[in-house]
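Asker: Below are the chains, spelled out letter by letter.
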Amino acid sequence: DTAVSQTPKYLVTQMGNDKSIKCEQNLGHDTMYWYKQDSKKFLKIMFSYNNKELIINETVPNRFSPKSPDKAHLNLHINSLELGDSAVYFCASSQATGGSYNEQFFGPGTRLTVL
Amino acid sequence: GNSVTQMEGPVTLSEEAFLTINCTYTATGYPSLFWYVQYPGEGLQLLLKATKADDKGSNKGFEATYRKETTSFHLEKGSVQVSDSAVYFCALTGSGGSNYKLTFGKGTLLTVNP
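Protein chains in written order, with the numbering used here: chain A, 1 to 115; chain B, 116 to 229.
Hint data in this document are derived by calculation from the structure and do not stem from the laboratory.
Where a beta carbon is used, it is the ideal one built from N, C-alpha and C, also for glycine.
Don't take every hint at face value.
Just a sample of chain B residues kept apart from chain A, beta carbon distances all over 12 Å, derived [what the hints assert, rightly or not]:
no.	residue
1	A132
2	E157
3	E184
4	Q196
5	N228
With a cut-off of at most 25 Å between alpha-carbon atoms, the simulated DSS-like pairs for lysine-lysine come out as follows [as the list claims (entries may be wrong)]:
no.	chain 1	residue 1	chain 2	residue 2
6	B	K167	B	K192
7	A	K71	A	K41
8	A	K41	B	K175
9	B	K192	A	K41
10	B	K171	B	K221
11	A	K36	B	K171
12	A	K41	B	K221
13	A	K22	A	K71
14	B	K171	A	K40
15	B	K216	A	K36
16	B	K175	B	K221
17	B	K216	A	K67
18	A	K71	A	K40
19	B	K216	A	K22
20	B	K216	A	K41
21	A	K67	A	K52
22	A	K40	B	K167
23	A	K44	B	K221
24	A	K52	B	K216
25	A	K71	B	K216
26	B	K221	A	K36
27	B	K171	B	K192
28	A	K44	B	K167
29	A	K9	B	K221
Per the computed footprint, the stretches of chain A lying under chain B, defined by three or more beta-carbons under 8 Å from a beta-carbon of chain B, are [as the list claims (entries may be wrong)]:
no.	region
30	12-26
31	103-114
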């Protein structure tokens, strides 16, 4: 199936731990994103990569480090997890056109719970 | 910067009722406008889109018209079904350098009762 996939779907961990979330897309897109959805369902972009280059970094704590080994993958590593990091993290991808239209395709989300 | 304001809800309707979820935006230039839907326990799916003024996006009985004069993109459906119960997000991408970034409204929870 062509899609954006994320692993794991659920992640439960203790405060202070380091964890990673992986994202892969087989849509042939050149741009990938990470969004955070809080408990009130509010969605906010965190990072975006275009052709493995960071293009958006939205005032995210430097405990969060995205890594894009190739155009099809964008992983998110989080150091020293805090309670406030508990959220659902969505990966997305799109094909950058240079114009104003930029449909993004979303993964199923990773629910992170920090205890 | 860009922003999106939508009805916060929750909205509760009976099956076959008419639905309107209001959305207004602030953006420079010529944004593209979207409605995304998130069904319980799932990721976001694009419901419909409009890329220029007066365009009407439509899908699955939902419609929204890009109104530049009122900076609005209200979502409507004539007859909702129980299966439409979900969270609906209005969103935009800017033009030029900000076209990579989707700015979302806060989402509107819709519950449709049989």
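Asker: What's the verdict on A:K44 and B:K167, does the C-alpha distance respect the 25 Å limit or exceed it?
Answerer: holds (24 Å)
Asker: For the pair supplied as a hint, B:K171 and A:K40, is the alpha-carbon distance within the 25 Å limit?
Answerer: Not OK: B:K171 and A:K40 at ~29 Å, beyond 25 Å, violated.
Asker: Regarding the pair A:K71 and A:K41, is the alpha-carbon distance no greater than 25 Å?
Answerer: With a Cα-Cα distance of about 28 Å, the restraint between A:K71 and A:K41 is violated, given a limit of 25 Å.
Asker: Given the proposed pairing of B:K216 with A:K41, does the C-alpha separation stay at or below 25 Å?
Answerer: holds (18 Å)
Asker: Any Cβ of chain A at or closer than 12 Å to B:N228, or is the non-interface label fine?
Answerer: holds (20 Å)
Asker: Measure nothing beyond the straight line between the CA atoms of A:K41 and B:K221; if it is 25 Å or shorter, mark the hint as holding.
Answerer: Distance of about 7 Å is within 25 Å: holds.
Asker: Taking 25 Å as the top limit, are the C-alpha atoms of B:K216 and A:K67 close enough?
Answerer: holds (18 Å)
Asker: Mind checking the alpha carbons of A:K22 and A:K71 for me, to see if they're no more than 25 Å apart?
Answerer: Roughly 13 Å separates the two Cα atoms, so the pair holds.
Asker: At a Cβ distance under 8 Å, does chain B reach at least three residues of the region 103-114 of chain A?
Answerer: That given contact holds, which follows from 7 residues of the region 103-114 of chain A lying within Cβ reach (below 8 Å) of chain B.
Asker: Given the hint that B:K175 pairs with B:K221, does the C-alpha gap stay at or below 25 Å?
Answerer: holds (22 Å)
Asker: Hey, B:K167 versus B:K192, does the alpha-carbon distance stay inside 25 Å?
Answerer: Satisfied, since the Cα-Cα distance of roughly 21 Å is no more than 25 Å.
Asker: Has the given pair, A:K41 with B:K175, been kept, meaning a C-alpha gap of at most 25 Å?
Answerer: Roughly 23 Å between the alpha carbons, so the hint for A:K41 and B:K175 holds.
When the structure is compared with the earlier hints, violations turn up for hints 2, 7, 11, 14, 18, 22, 30 and for no others.
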